[in-house]
Amino acid sequence: MDRFRMIFQYFQSNSESVMNGICGLLALASVKMYTCFEFSCPCLPQYNTVYGLGIMFIPPVALFLCGLILNRQSLVMLEEWRRPQGRRKKDLAVIRYMCSSILQRAMVAPVVWIIVTLLDGKCLICAFSSSVDPEKFAGFANTSPVQVQQLLAKVPCKDDELMRNNTSRKAVSRYLRCWSQALGWSILLILIIAAFLARWLRPCFNQATLLQARHWSNYIDIEQKIFEETCCEHSRLFAHKCILYFFQSMRREIKLHSFNLTREGEGVEGEEDLLRGITDQDQVNKLLKMWYYEKPPLNVSQATQR
Amino acid sequence: MDKFRMIFQFLQSNQESFMTGICGIMALASAQMYSAFDFNCPCLPHYNLAYGLGILLVPPFILFLLGFVLNNNVSMLAEEWRRPQGHRGKDPAVLRYMFCSMAQRAMIAPAVWISVTLLDGKCITCAFCTSVPVETLGNASHPSLSQGEMKRILARIPCKEIYNGQELIANEVAVRYLRCISQALGWCFVLLMTTLAFLVRSLRPCFTQAAFLKSRYWSHYIDIERKLFDETCAEHARSFAKVCIQQFFEGMSTDLVATHCHLPRKATADAGEAAEKLLGITDRGTMNTALKSWHRCKPPLQLHPPALPSSNGWAGEGQPPTHPPAPRRETAAYYSRV
Numbered sequence: 001m002d003r004f005r006m007i008f009q010y011f012q013s014n015s016e017s018v019m020n021g022i023c024g025l026l027a028l029a030s031v032k033m034y035t036c037f038e039f040s041c042p043c044l045p046q047y048n049t050v051y052g053l054g055i056m057f058i059p060p061v062a063l064f065l066c067g068l069i070l071n072r073q074s075l076v077m078l079e080e081w082r083r084p085q086g087r088r089k090k091d092l093a094v095i096r097y098m099c100s101s102i103l104q105r106a107m108v109a110p111v112v113w114i115i116v117t118l119l120d121g122k123c124l125i126c127a128f129s130s131s132v133d134p135e136k137f138a139g140f141a142n143t144s145p146v147q148v149q150q151l152l153a154k155v156p157c158k159d160d161e162l163m164r165n166n167t168s169r170k171a172v173s174r175y176l177r178c179w180s181q182a183l184g185w186s187i188l189l190i191l192i193i194a195a196f197l198a199r200w201l202r203p204c205f206n207q208a209t210l211l212q213a214r215h216w217s218n219y220i221d222i223e224q225k226i227f228e229e230t231c232c233e234h235s236r237l238f239a240h241k242c243i244l245y246f247f248q249s250m251r252r253e254i255k256l257h258s259f260n261l262t263r264e265g266e267g268v269e270g271e272e273d274l275l276r277g278i279t280d281q282d283q284v285n286k287l288l289k290m291w292y293y294e295k296p297p298l299n300v301s302q303a304t305q306r
Numbered sequence: 001m002d003k004f005r006m007i008f009q010f011l012q013s014n015q016e017s018f019m020t021g022i023c024g025i026m027a028l029a030s031a032q033m034y035s036a037f038d039f040n041c042p043c044l045p046h047y048n049l050a051y052g053l054g055i056l057l058v059p060p061f062i063l064f065l066l067g068f069v070l071n072n073n074v075s076m077l078a079e080e081w082r083r084p085q086g087h088r089g090k091d092p093a094v095l096r097y098m099f100c101s102m103a104q105r106a107m108i109a110p111a112v113w114i115s116v117t118l119l120d121g122k123c124i125t126c127a128f129c130t131s132v133p134v135e136t137l138g139n140a141s142h143p144s145l146s147q148g149e150m151k152r153i154l155a156r157i158p159c160k161e162i163y164n165g166q167e168l169i170a171n172e173v174a175v176r177y178l179r180c181i182s183q184a185l186g187w188c189f190v191l192l193m194t195t196l197a198f199l200v201r202s203l204r205p206c207f208t209q210a211a212f213l214k215s216r217y218w219s220h221y222i223d224i225e226r227k228l229f230d231e232t233c234a235e236h237a238r239s240f241a242k243v244c245i246q247q248f249f250e251g252m253s254t255d256l257v258a259t260h261c262h263l264p265r266k267a268t269a270d271a272g273e274a275a276e277k278l279l280g281i282t283d284r285g286t287m288n289t290a291l292k293s294w295h296r297c298k299p300p301l302q303l304h305p306p307a308l309p310s311s312n313g314w315a316g317e318g319q320p321p322t323h324p325p326a327p328r329r330e331t332a333a334y335y336s337r338v
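The listed protein sequences derive, respectively, from chains A and B.
Heads up: the first sequence at position 182 corresponds to 182 in UniProt numbering, and the numbers run straight through without jumps.
Heads up: the second sequence at position 318 corresponds to 318 in UniProt numbering, and the numbers run straight through without jumps.
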């Protein structure tokens with residue numbers, strides 16, 4: 001339990017770690033999903049390709065969308081992109097930075113699925129067994145084209161009566177699996193080389209702009225969190241005051257009949273400060289609207305001179 | 001639990017220890033990946049060699065690059081290499097040290113993969129089954145087969161269930177022969193790697209240990225400085241956001257009816273504390289200039305007493321550099337290879 005808590009705390013320490021943690025969890029979930037999924041090739045001429053390619057490409061799209069949904073930063077980025085300019089200029093470099101970091105993290109789980117699929121081989125065998133050249137394999141060389149298509153379509157099904165002990169089936173299966181694994185390793189190699197080059201070459205281009213974009217994207221995230229916390233605090237006090245006034249007015253009515261003076265009035269002052277003068281629904285609504293339409297400029301020099 | 005916490009904290013303490021941890025995990029992952037991977041020799045004449053050697057060499061290359069990609073020091077090294085000189089000199093010995101230390105760690109997982117592959121034997125059996133010496137191990141005087149036909153038969157050696165050349169050469173004989181060679185290669189490789197590691201470790205103190213100590217110190221320094229800078233920026237962003245939001249709320253309340261414009265006492269105290277943490281940077285333009293100068297012109301490695309006005313590189317770009325960074329100038333020849 002302790003171990004889990006420590007790992008959890010490490011990942012919570014900043015929002016980038018949280019996102020990396022989610023990204024890793026999705027990748028693990030993707031592998032687990034693949035191993036649990038019972039792949040069952042239909043072994044019929046046209047259905048094979050559709051099924052095989054469908055299993056290879058549709059779950060990655062779903063995983064990609066999951067990656068975007070689970071990432072809090074995508075909402076923050078969308079909001080920053082669509083907000084009216086107001087008194088704070090928009091910096092496209094920051095939005096681009098946030099977008100690229102979100103997309104990179106969301107792409108990990110789909111890529112893991114595709115690579116695991118290719119290294120396993122079942123999808124490609126199912127999808128392309130009918131497209132193999134029958135001349136290469138002794139068992140299929142001398143049969144009519146229609147029959148060859150039917151036989152080749154049954155290659156992925158080991159337990160079919162026609163295919164059970166057919167050595168040519170094993171040869172075709174082996175041949176396709178070899179191609180599938182080669183493709184998988186090649187894709188992995190290309191991606192790793194691309195990631196390596198990106199890591200090495202990035203400081204060579206515009207490092208200063210990158211530092212700025214990273215700082216301000218972090219700032220926008222923190223500001224949003226602090227704003228939400230401040231609003232929560234404010235609404236709690238607002239509700240508290242509302243209920244206090246309600247009880248006070250009830251008490252006032254009772255006082256008329258019983259002359260009991262109470263001393264709660266003094267405790268209220270401290271909290272009034274925290275309400276910062278916003279004390280009714282219209283004011284709260286106006287405040288929230290202003291926050292969206294006209295964010296304050298990034299200049300706090302007046303506050304620090306007090 | 002305490003032991004685990006100690007190990008966790010030790011590994012977190014600096015980037016090098018962290019990378020050692022990652023490197024160990026990758027070595028284990030590499031062995032696990034090999035056992036999970038379903039090796040599937042195609043048993044066709046030209047495909048065998050390509051497949052076998054591909055499985056032997058491509059994943060180690062991927063693991064090597066992955067070792068670099070996962071290492072945060074890579075971008076630190078590239079940044080230190082490419083940054084403009086500014087007020088702080090650059091020391092190639094430090095860059096070399098950082099690069100060598102990263103490369104050493106990145107080599108462990110590929111070495112594990114290659115050793116496991118060779119000791120297991122399937123790759124070499126698949127790749128070189130067509131080159132088995134049939135004259136010595138089998139029956140070369142078998143009714144004449146063309147070269148192509150013989151290659152096709154030999155290519156099926158790894159696939160026992162479709163092998164049909166039992167009269168030419170027995171399957172077990174060929175497999176045993178190839179596996180023996182593979183394991184011999186594997187053990188030689190392990191021996192070579194451990195000998196190299198031993199030599200590197202034991203001979204290093206014989207050559208310029210002083211220069212090595214300096215490089216190691218400054219490379220740790222650059223790592224820590226970058227982390228602290230990031231933390232300071234995050235802290236600054238937090239204080240900036242707090243004050244910005246305070247101002248926003250105050251601005252709203254002063255817009256409203258007069259009865260609501262009392263300045264909250266607590267908020268002023270908060271604003272004062274947050275304002276101190278802002279370190280004098282109070283608007284976007286100044287922050288951008290600060291970040292740009294951090295990259296273009298890092299401050300010299302010379303701490304001044306607090307009474308003097310700030311002599312950070314970015315505060316006054318017109319000031320001439322005060323002292324050259326003396327501790328980092330090295331004239332000793334540096335022969336260490338790590």
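Hints are computed from structural coordinates only; laboratory data are not their basis.
Warning: the hint list may mix true and false statements.
Here are the computed lysine to any residue pairs in the SDA-like style, where the Cα-Cα straight-line distance is at most 25 Å [unchecked claim]:
| no. | chain 1 | residue 1 | chain 2 | residue 2 |
| --- | --- | --- | --- | --- |
| 1 | A | K89 | B | R82 |
| 2 | B | K227 | A | V18 |
| 3 | B | K160 | A | K89 |
| 4 | A | K225 | B | A234 |
| 5 | B | K292 | A | K170 |
| 6 | A | K170 | B | F128 |
| 7 | A | K170 | B | N164 |
| 8 | A | K90 | B | H236 |
| 9 | B | K160 | B | S146 |
Across the chosen pairs, the derived CB separations fall in these ranges [as the list claims (entries may be wrong)]:
| no. | chain 1 | residue 1 | chain 2 | residue 2 | range |
| --- | --- | --- | --- | --- | --- |
| 10 | B | N164 | A | K158 | 36 to 46 Å |
| 11 | B | A170 | A | L201 | 46 to 56 Å |
| 12 | A | N206 | B | Q147 | 35 to 45 Å |
| 13 | B | G280 | A | L201 | 17 to 27 Å |
| 14 | B | I162 | A | A93 | 20 to 30 Å |
| 15 | B | A170 | A | V50 | 23 to 33 Å |
| 16 | A | G24 | B | A210 | 20 to 30 Å |
Note that the structure is a prediction, hence the values are computed from the model and not measured.
Note that beta-carbon positions come from the ideal geometry of N, C-alpha and C, so glycine has one too.
Hints, verified against the model:
Note on A:K89 and B:R82: the hinted pairing is violated, with a Cα-Cα distance of about 31 Å set against a maximum of 25 Å. The suggested pairing of B:K227 with A:V18 holds, with an alpha-carbon distance near 18 Å, which does not exceed 25 Å. Using a Cα cut-off of 25 Å, the hinted pair B:K160 and A:K89 is violated, with the two alpha carbons roughly 71 Å apart. Between A:K225 and B:A234 the CA atoms are separated by roughly 13 Å; this keeps the pair inside 25 Å, and the hint holds.
Restraint check for B:K292 and A:K170: not satisfied, since their Cα atoms lie roughly 62 Å apart, outside the 25 Å limit. Between the alpha carbons of A:K170 and B:F128 the distance comes to roughly 21 Å, so the proposed pair stays at or under 25 Å and holds. Simply put, A:K170 and B:N164 have alpha-carbon atoms about 14 Å apart, close enough for the 25 Å limit, and the pair holds. Of the supplied pair hints, the one linking A:K90 and B:H236 holds, its CA atoms being roughly 20 Å apart against a limit of 25 Å.
For the given pair, B:K160 sits about 22 Å from B:S146 by alpha-carbon distance, which is consistent with the 25 Å threshold. Roughly 21 Å separates the CB atoms of B:N164 and A:K158, a value that falls outside the hinted 36 to 46 Å. The beta-carbon spacing between B:A170 and A:L201, approximately 55 Å, falls within the hinted interval of 46 to 56 Å. For A:N206 paired with B:Q147, a C-beta distance near 59 Å fails the hint of 35 to 45 Å.
Between B:G280 and A:L201 the C-beta distance comes to about 35 Å, which lies outside the given range of 17 to 27 Å. In this structure, B:I162 and A:A93 break the distance hint of 20 to 30 Å, their C-beta atoms being roughly 60 Å apart. Taking 23 to 33 Å as the suggested C-beta distance range, the pair B:A170 and A:V50 does not conform, at roughly 45 Å. Roughly 42 Å separates the CB atoms of A:G24 and B:A210, a value that falls outside the hinted 20 to 30 Å.
Checked against the numbered hints above, the structure violates hints 1, 3, 5, 10, 12, 13, 14, 15 and 16; every other hint is satisfied.
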